[in-house]
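Colleague: Protein chains in written order, with our numbering: chain F, 29 to 214; chain R, 29 to 214.
Worth flagging that the hints you see were computed from the coordinates, not collected in a lab. Please read all numbers here as calculations on a predicted model, not as lab measurements. In this text, a Cβ means the ideal position worked out from N, Cα and C, and glycines have one as well. Among the hints, erroneous ones may be present.
To give a feel for the contact side, a few chain R residues facing chain F, derived at Cβ under 7 Å [what the hints assert, rightly or not]:
hint: 1; residue: Gly42
hint: 2; residue: Val122
hint: 3; residue: Gly174
hint: 4; residue: Pro185
hint: 5; residue: Ile188
Below, a sample of chain R positions facing chain F; criterion: calculated Cβ distance under 8 Å [unchecked claim]:
hint: 6; residue: Leu40
hint: 7; residue: Arg61
hint: 8; residue: Glu64
hint: 9; residue: Leu172
hint: 10; residue: Glu189
hint: 11; residue: Arg192
hint: 12; residue: Gly201
Number of protein chains: 2
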Amino acid sequence: MSATVLYMSMSLDGFIAGPNETVDNGLGDGGIRLHEWDFSGPVLDEFLATGAVVAGRGTAEPADYWGGDHHGGVSIFIFGPEAATDAERSRPRVTYVPDIREAMSRAKDAAGHRNVLVHGAGVAQAALAAGVLDELELHVIPVLLGEGRRLFDRLGPDHIELERVRVIAADHGVTHLHYRVQPRTP
Amino acid sequence: MSATVLYMSMSLDGFIAGPNETVDNGLGDGGIRLHEWDFSGPVLDEFLATGAVVAGRGTAEPADYWGGDHHGGVSIFIFGPEAATDAERSRPRVTYVPDIREAMSRAKDAAGHRNVLVHGAGVAQAALAAGVLDELELHVIPVLLGEGRRLFDRLGPDHIELERVRVIAADHGVTHLHYRVQPRTP
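Sequences are here, hints too, so could you generate the full structure?
Modeller: What follows is the structure, encoded as structure tokens:
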């Protein structure tokens, strides 16, 4: 069965961007440090084999929505308010979905038997809260960023159990940690 | 040369204790989840081979200062205000040191050729800020705790580079990540 899989580069202290993020400074001050490594090997292969993308505007806008082609021309679902401008409405392959469950469900439909690539801290937090994030693939970067935007924040007091399924110690001190999110016990 | 090494169990989302910590609830609500695993293997061997301990009161008090014997009867240095009560002054093998550099330096002297075991989020943050923490050994627990006390917090905007020196995928989904803290470039 296909899975929704969060792919994120994260500092050891949990940040996915530096402080002072803007559309023109999408990674925040110094956030480029989290992306100075060679993405290769099986994790990249899996990343490129995904059949749809779910991301938030905060991730998509600084990247100009990847010109409508994140990879392989797959459908892109933006979690957030409906398109408000003609420019937004006219983006090829991009659909705006205000509900996280619907965004993930439509992306799964679009991906077919393939997995869904999930991007962004806001999307991750909403999807975890709604129980619609299946797996985490974190690229842990060997740096303490100190300040910025945290990947895991405002999740509330209920524990979310994880099953570790893979650890890869890659080049440049990057450690790929892959987990399956366990269903919450009511 | 001997090193000061932080040993901490941390949830994947960066917490080392649950919310509502008190002396009687030292791990915070639900924080026991971070300690439900078997500490064994080379990491435990190294832990037990350390020759001194540096910890904060927040770590030491709930554990009743380990009865003065954390392991092997090594000296225990408490980073924080000087002993204020007779009970504090009379604890065997326990010394209170208000300055983090002095605490680490005295612990290194006491440890001789052995490493120094460092415990606690407050101590870690102070030691990182002062540049006197040499290594990190984190036991990453497969759970998102959601709330509680973070290990890495209030570090400020300067990046601290790390060198990953070891990754161990242990039982119960626990991943041991070992890093050397790199000197800051001014």
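Colleague: Could you run down the list of hints and mark each one as holding or not?
Modeller: Going through the hints against the structure:
no., hint, result
1, Gly42, "holds (4 Å)"
2, Val122, "violated (30 Å)"
3, Gly174, "holds (4 Å)"
4, Pro185, "holds (5 Å)"
5, Ile188, "holds (4 Å)"
6, Leu40, "holds (6 Å)"
7, Arg61, "holds (6 Å)"
8, Glu64, "violated (11 Å)"
9, Leu172, "holds (4 Å)"
10, Glu189, "holds (5 Å)"
11, Arg192, "holds (4 Å)"
12, Gly201, "holds (4 Å)"
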